[in-house]
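Chains R and B are the protein sequences, given in the same order.
Residue numbers are given in my numbering: position 128 of the first sequence equals residue 1515, and the series is strictly consecutive.
Residue numbers are given in my numbering: position 107 of the second sequence equals residue 108, and the series is strictly consecutive.
Just so you know, not all the hints are guaranteed correct.
[What the hints assert, rightly or not] Here are the simulated distance ranges between beta carbons:
{"no.": "1", "chain 1": "B", "residue 1": "Ala67", "chain 2": "R", "residue 2": "Ser1565", "range": "19 to 29 Å"}
{"no.": "2", "chain 1": "R", "residue 1": "Val1543", "chain 2": "B", "residue 2": "Ser449", "range": "18 to 28 Å"}
{"no.": "3", "chain 1": "B", "residue 1": "Asp46", "chain 2": "R", "residue 2": "Ile1539", "range": "38 to 48 Å"}
{"no.": "4", "chain 1": "R", "residue 1": "Met1547", "chain 2": "B", "residue 2": "Gln310", "range": "49 to 59 Å"}
{"no.": "5", "chain 1": "B", "residue 1": "Glu72", "chain 2": "R", "residue 2": "Ala1540", "range": "32 to 42 Å"}
{"no.": "6", "chain 1": "B", "residue 1": "Ala203", "chain 2": "R", "residue 2": "Leu1563", "range": "46 to 56 Å"}
{"no.": "7", "chain 1": "B", "residue 1": "Thr393", "chain 2": "R", "residue 2": "Phe1534", "range": "35 to 45 Å"}
[Unchecked claim] Straight-line alpha carbon distances no greater than 30 Å define the calculated DSSO-like cross-link-like pairs of lysine-lysine that follow:
{"no.": "8", "chain 1": "B", "residue 1": "Lys247", "chain 2": "B", "residue 2": "Lys377"}
{"no.": "9", "chain 1": "B", "residue 1": "Lys75", "chain 2": "B", "residue 2": "Lys85"}
{"no.": "10", "chain 1": "B", "residue 1": "Lys247", "chain 2": "R", "residue 2": "Lys1473"}
{"no.": "11", "chain 1": "R", "residue 1": "Lys1573", "chain 2": "B", "residue 2": "Lys49"}
{"no.": "12", "chain 1": "B", "residue 1": "Lys129", "chain 2": "B", "residue 2": "Lys344"}
{"no.": "13", "chain 1": "R", "residue 1": "Lys1663", "chain 2": "B", "residue 2": "Lys344"}
{"no.": "14", "chain 1": "B", "residue 1": "Lys438", "chain 2": "R", "residue 2": "Lys1663"}
{"no.": "15", "chain 1": "R", "residue 1": "Lys1663", "chain 2": "B", "residue 2": "Lys291"}
{"no.": "16", "chain 1": "B", "residue 1": "Lys263", "chain 2": "R", "residue 2": "Lys1663"}
{"no.": "17", "chain 1": "B", "residue 1": "Lys389", "chain 2": "R", "residue 2": "Lys1663"}
{"no.": "18", "chain 1": "B", "residue 1": "Lys269", "chain 2": "R", "residue 2": "Lys1573"}
{"no.": "19", "chain 1": "R", "residue 1": "Lys1573", "chain 2": "B", "residue 2": "Lys377"}
{"no.": "20", "chain 1": "B", "residue 1": "Lys448", "chain 2": "R", "residue 2": "Lys1473"}
{"no.": "21", "chain 1": "R", "residue 1": "Lys1573", "chain 2": "B", "residue 2": "Lys346"}
{"no.": "22", "chain 1": "B", "residue 1": "Lys346", "chain 2": "B", "residue 2": "Lys87"}
{"no.": "23", "chain 1": "B", "residue 1": "Lys187", "chain 2": "R", "residue 2": "Lys1663"}
{"no.": "24", "chain 1": "B", "residue 1": "Lys389", "chain 2": "B", "residue 2": "Lys185"}
{"no.": "25", "chain 1": "B", "residue 1": "Lys389", "chain 2": "B", "residue 2": "Lys346"}
{"no.": "26", "chain 1": "B", "residue 1": "Lys139", "chain 2": "R", "residue 2": "Lys1573"}
{"no.": "27", "chain 1": "R", "residue 1": "Lys1473", "chain 2": "B", "residue 2": "Lys44"}
{"no.": "28", "chain 1": "R", "residue 1": "Lys1573", "chain 2": "B", "residue 2": "Lys129"}
{"no.": "29", "chain 1": "B", "residue 1": "Lys269", "chain 2": "R", "residue 2": "Lys1663"}
{"no.": "30", "chain 1": "B", "residue 1": "Lys270", "chain 2": "R", "residue 2": "Lys1473"}
{"no.": "31", "chain 1": "B", "residue 1": "Lys91", "chain 2": "R", "residue 2": "Lys1663"}
{"no.": "32", "chain 1": "B", "residue 1": "Lys187", "chain 2": "B", "residue 2": "Lys139"}
{"no.": "33", "chain 1": "B", "residue 1": "Lys187", "chain 2": "B", "residue 2": "Lys108"}
{"no.": "34", "chain 1": "B", "residue 1": "Lys344", "chain 2": "B", "residue 2": "Lys206"}
{"no.": "35", "chain 1": "B", "residue 1": "Lys448", "chain 2": "R", "residue 2": "Lys1573"}
{"no.": "36", "chain 1": "R", "residue 1": "Lys1473", "chain 2": "B", "residue 2": "Lys187"}
{"no.": "37", "chain 1": "R", "residue 1": "Lys1473", "chain 2": "B", "residue 2": "Lys85"}
{"no.": "38", "chain 1": "R", "residue 1": "Lys1663", "chain 2": "B", "residue 2": "Lys430"}
Please keep in mind that the hints were generated in silico from the structure rather than gathered at the bench.
Just so it is clear, CB atoms sit at the ideal spot from N, CA and C, and this is done for glycine as well.
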Amino acid sequence: MARPVATADTPVALGRGGGASADAPEPARRVRFGGRARDRPPGEPRRVAYLYLIPAALIFGTFTLAPLVHSVWLSLFQWDGITAGKWVGLHNYADVLSDPVQREAFGHALVLLIFYAVIPLLIGLLIAGLVARSHIRGFAFFRVVLFLPQVIALVVVAVMWRMIYDPNDGPINETLRSIGLGGLAKSWLGDFDVALPAVGLIGTWVMYGLAMVLLTAGVQKIPRSLYDAARVDGAGPVREFFAVTLPALRGEIAVALTLSTIAALRNFDLVYITTKGGPGTSTSVPAYQVYERAFLTGKVGSASAMGLMLAALIFVLSAIINRVAERGQAR
Amino acid sequence: MKASRVLGSVVAIGATALAAGCGTPGGDDSSNAPKTTTAAQAKPDIAKAGNVTLTVWDQEVRGGQAAQIKELNKQFQAKYPNVKIKRVAKSFDDLNTTLKLAVSGPKAPDVVEANQGLGVMGQLVKAKLLRPIDDYAKIYGWADRYPSLLLDLNKFEANGTTFGSGDLYGLSQMGEIVGVFYNKKKVTTPPKTLAEFEQQLAAAKQSGDVPIQFGNLDKWPGIHEYETVLGQVAPKQSVRDFVFQKSGASFDTPEFQDAAAKIQDWAKKGYFTDDFNGTGYDPAWQRFAKGRGHFLIAGTWLVADLAKQMGDNVGFMPLPGQQAGGDPVALGGESLPFTVTSKSKHPDVAAAYIDFLTDQNATNVLAQTDNLPAMKYDAPAPSAALTKDVATAWKALGDADGLIPYADYTTPTFGDDLGGAIQQMLAGKDSPTDFTKGVQEKVDASKSS
């Protein structure tokens, strides 16, 4: 089990790496920010500053960049993991784009994005909006309870949900039958049309707590005076939400969306344990394909190409989310 | 400016990394492949081999498996005090994912259990990391020790892409059969023919019980149901030829379609658990163990658990064929083979060890520790009803040479491909002809890439 998780993590390493390199200019800025730096001979303090960067750069380089560059290298080969690889250039990438099963996997990842990122965000916003209007007694308790799914290991979550979804003895179908809605009972993870949303709902259950905690925390730092002003201007609850709460939460929304988007796209554990990509290939996702190729079927080059494309997708989406959020804040 | 510097350092670090990892992955084929040393001519005297430490990687970590290997290791070291066995025990998954690196590394173990098929053994053979042991097989007479299919499963052509023939690379200890478990309280007279079996399924359905407990959420169980039926519908040679990818063999034949049609028909008639595609493998057999359902088509790996929960109320048999009393055919195979690595400095000792793990004495030890020995030797008869059924079935299958191999050996991706295709076919999304055609297309695609 350790290995699959590590594979699923690879794209994230890049996601984080992307964030880290965006942060990298910070030391340089600090030197200028000091102002006093200009009084000293120019250049020297800057060079010293680079010394401070060395340990971090070494660690980052060794454990993140080097493997990343190495997998770029590997993705250009057809390699089974032991015998000599064969240079195939960009063929592996072309293969990912042309193979319907692999393309389909990316499509599934985008569907999961709705369940992992969008729906949890909407739930979080709804709760945040309610909290902004009124104080709820014992809210800290509810917050802890609702956040719990985040804390449980995903493997445990997946095993639990497999039992919950069991078509014969699972609580969902039993409840439906007992209240006379047996017609709605389904083979949740075994039905070709329902399996992907069913896996997605597990993701919603896991992620909405995170979105809610981030957003309600954000609401609490909005000055009351803004709400008072809105009310004086005659805003109702809906208007108040869109005029005050939503704009003020821009930063938190960006964080929640970034985290949940990454979780959605690198999703491996849930699929591996609940459906193994089935029935047929209806829940196959890129991270699962990466694991399968690298460790089961000896297609290391193809797995690298797929992993890198997934990483690139994650990088682009997080960049877009942050760009949009920043632009809003500058306004 | 800032950005370019950051970029510069990234490029610098990247270039270093590239330089470090440069060269073709896997290195030069000819230099890293050790040549097979010498061919053994006569039975070596291990007692005179000097002090030898034999490193062994195995996955015999559960229950009776662990008990037998510990006992046999102890006995081997008692017989040859000059040999020390350094055992590295790993789980099946752990072994499969780490073995390639270990065997290709500088401190390769001497004896390893390498999983059959193209995924592990084929790649090790292709990289010349395993030593062919035909010379030892001749000296020790291993060919007489096993039914021929079981030896074939451990054979590979030197190219590493064709198996089932070629050089012998290892020996397995235990047998495995996929057959029919039945609840003796409900099935009073076990069916003698496939037609009788189907009549009993219909009767079970009518009585309101689940005829066959079946959970196919994990994708692979469907392969066992399909192949079990296939063994009764298609000639066993055509199944073997397909799995071993003999020229001209195909999945897209009328017999393979017939088997698909039969099992799809069973699904339509409700002979399987409702919503089987959404039901897990474990919940399904556990329900059977609790007394729900007449039959369960599964492998002998469930014997210990079923016997514990059902006692004498459970029986086992190969799926009956078209005619009563015919030669039995069942899906089955053997445990992972013990193989000798090319880098081993003590191939003679390694071969003697493998011989020791599979001889008459080992057969007795295996039987005493509740395992099913794969060898043709007579073993002490088990006392419990279920293990007795299994041993009888194994003997009959061995005498009739009636085992057909797992289809997922066919190509590295075949387990997933076929499992998914069977889910589709059983859900009624594909006709039996679409199914066999689609599966054959996947095999062709896998071979061409």
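Comparing the hints with the structure gives:
Evaluation of the 19 to 29 Å hint for Ala67 (chain B) and Ser1565 (chain R) yields a failure: the beta carbon distance comes to about 45 Å. Checked against the hint of 18 to 28 Å, the pair Val1543 (chain R) and Ser449 (chain B) fails, with Cβ atoms roughly 42 Å apart. Under the hint 38 to 48 Å, the C-beta atoms of Asp46 (chain B) and Ile1539 (chain R), about 59 Å apart, miss the expected range. A hinted range of 49 to 59 Å is violated for the C-beta pair Met1547 (chain R) and Gln310 (chain B), which are about 23 Å apart.
Checked against the hint of 32 to 42 Å, the C-beta distance between Glu72 (chain B) and Ala1540 (chain R) comes to roughly 37 Å, which is consistent with it. Distance hint check: the CB atoms of Ala203 (chain B) and Leu1563 (chain R) are about 29 Å apart, inconsistent with the given range 46 to 56 Å. The beta-carbon spacing between Thr393 (chain B) and Phe1534 (chain R), approximately 57 Å, falls outside the hinted interval of 35 to 45 Å. Between Lys247 (chain B) and Lys377 (chain B) the CA atoms are separated by roughly 27 Å; this keeps the pair inside 30 Å, and the hint holds.
At roughly 10 Å between alpha-carbon atoms, Lys75 (chain B) and Lys85 (chain B) fall within 30 Å of each other, so this suggested pair holds. Only pairs whose Cα atoms come within 30 Å are accepted, and Lys247 (chain B) paired with Lys1473 (chain R) is accepted, the gap being roughly 26 Å. Between the alpha carbons of Lys1573 (chain R) and Lys49 (chain B) the distance comes to roughly 68 Å, so the proposed pair goes past 30 Å and is violated. For the suggested pair Lys129 (chain B) and Lys344 (chain B), the alpha carbons sit about 10 Å apart, so the restraint of at most 30 Å is met.
Proposed proximity of Lys1663 (chain R) and Lys344 (chain B) is contradicted: the alpha carbons are some 36 Å apart, above 30 Å. Between Lys438 (chain B) and Lys1663 (chain R) the CA atoms are separated by roughly 23 Å; this keeps the pair inside 30 Å, and the hint holds. Note on Lys1663 (chain R) and Lys291 (chain B): the hinted pairing holds, with a Cα-Cα distance of about 27 Å set against a maximum of 30 Å. Between Lys263 (chain B) and Lys1663 (chain R) the alpha-carbon distance is near 26 Å, which keeps this suggested pair within the 30 Å criterion.
With a C-alpha separation of about 35 Å, the suggested pair Lys389 (chain B) and Lys1663 (chain R) falls outside the 30 Å cut-off, and the hint is violated. A C-alpha spacing of about 17 Å is found between Lys269 (chain B) and Lys1573 (chain R), which places the hinted pair at or below 30 Å, so the restraint holds. Distance hint between Lys1573 (chain R) and Lys377 (chain B) is unfulfilled; the C-alpha atoms sit about 48 Å from each other, more than 30 Å. At most 30 Å may separate the alpha-carbon atoms for a hinted pair to count; Lys448 (chain B) and Lys1473 (chain R) meet this at roughly 16 Å.
Annotation: proposed proximity of Lys1573 (chain R) to Lys346 (chain B) is violated, straight-line Cα distance about 59 Å (limit 30 Å). Simply put, Lys346 (chain B) and Lys87 (chain B) have alpha-carbon atoms about 14 Å apart, close enough for the 30 Å limit, and the pair holds. Only pairs whose Cα atoms come within 30 Å are accepted, and Lys187 (chain B) paired with Lys1663 (chain R) is rejected, the gap being roughly 34 Å. Under the criterion of a C-alpha separation no larger than 30 Å, the hint pairing Lys389 (chain B) with Lys185 (chain B) is consistent with the structure, at around 15 Å.
Of the supplied pair hints, the one linking Lys389 (chain B) and Lys346 (chain B) is violated, its CA atoms being roughly 42 Å apart against a limit of 30 Å. Of the pairs offered as hints, the one joining Lys139 (chain B) and Lys1573 (chain R) is violated, with about 58 Å between alpha carbons and a cut-off of 30 Å exceeded. Taking the CA atoms of Lys1473 (chain R) and Lys44 (chain B), the gap is near 42 Å; set against the 30 Å cutoff, the hint is violated. Between Lys1573 (chain R) and Lys129 (chain B), the direct Cα distance comes to roughly 51 Å. Violation of the 30 Å bound is thereby established for this hinted pair.
For the proposed pair Lys269 (chain B) and Lys1663 (chain R), the alpha carbon gap of about 24 Å is at most 30 Å, so the pair holds. Restraint check: the Cα-Cα separation between Lys270 (chain B) and Lys1473 (chain R) comes to about 50 Å, which exceeds 30 Å; the hinted pair is violated. Pair hint Lys91 (chain B) plus Lys1663 (chain R) holds up; C-alpha atoms about 23 Å apart against a cutoff of 30 Å. For a cut-off of 30 Å, the pair hint linking Lys187 (chain B) to Lys139 (chain B) is broken: about 50 Å separates their Cα positions.
Between Lys187 (chain B) and Lys108 (chain B) the CA atoms are separated by roughly 56 Å; this puts the pair beyond 30 Å, and the hint is violated. A threshold of 30 Å between alpha carbons decides the hint, and for Lys344 (chain B) with Lys206 (chain B) the separation of about 58 Å lies outside it, so the pair is violated. This hinted pair does not check out: Lys448 (chain B) and Lys1573 (chain R) have alpha carbons roughly 38 Å apart, beyond 30 Å. At roughly 59 Å between alpha-carbon atoms, Lys1473 (chain R) and Lys187 (chain B) are farther apart than 30 Å, so this suggested pair is violated.
For the suggested pair Lys1473 (chain R) and Lys85 (chain B), the alpha carbons sit about 41 Å apart, so the restraint of at most 30 Å is broken. Restraint check: the Cα-Cα separation between Lys1663 (chain R) and Lys430 (chain B) comes to about 19 Å, which is no more than 30 Å; the hinted pair holds.
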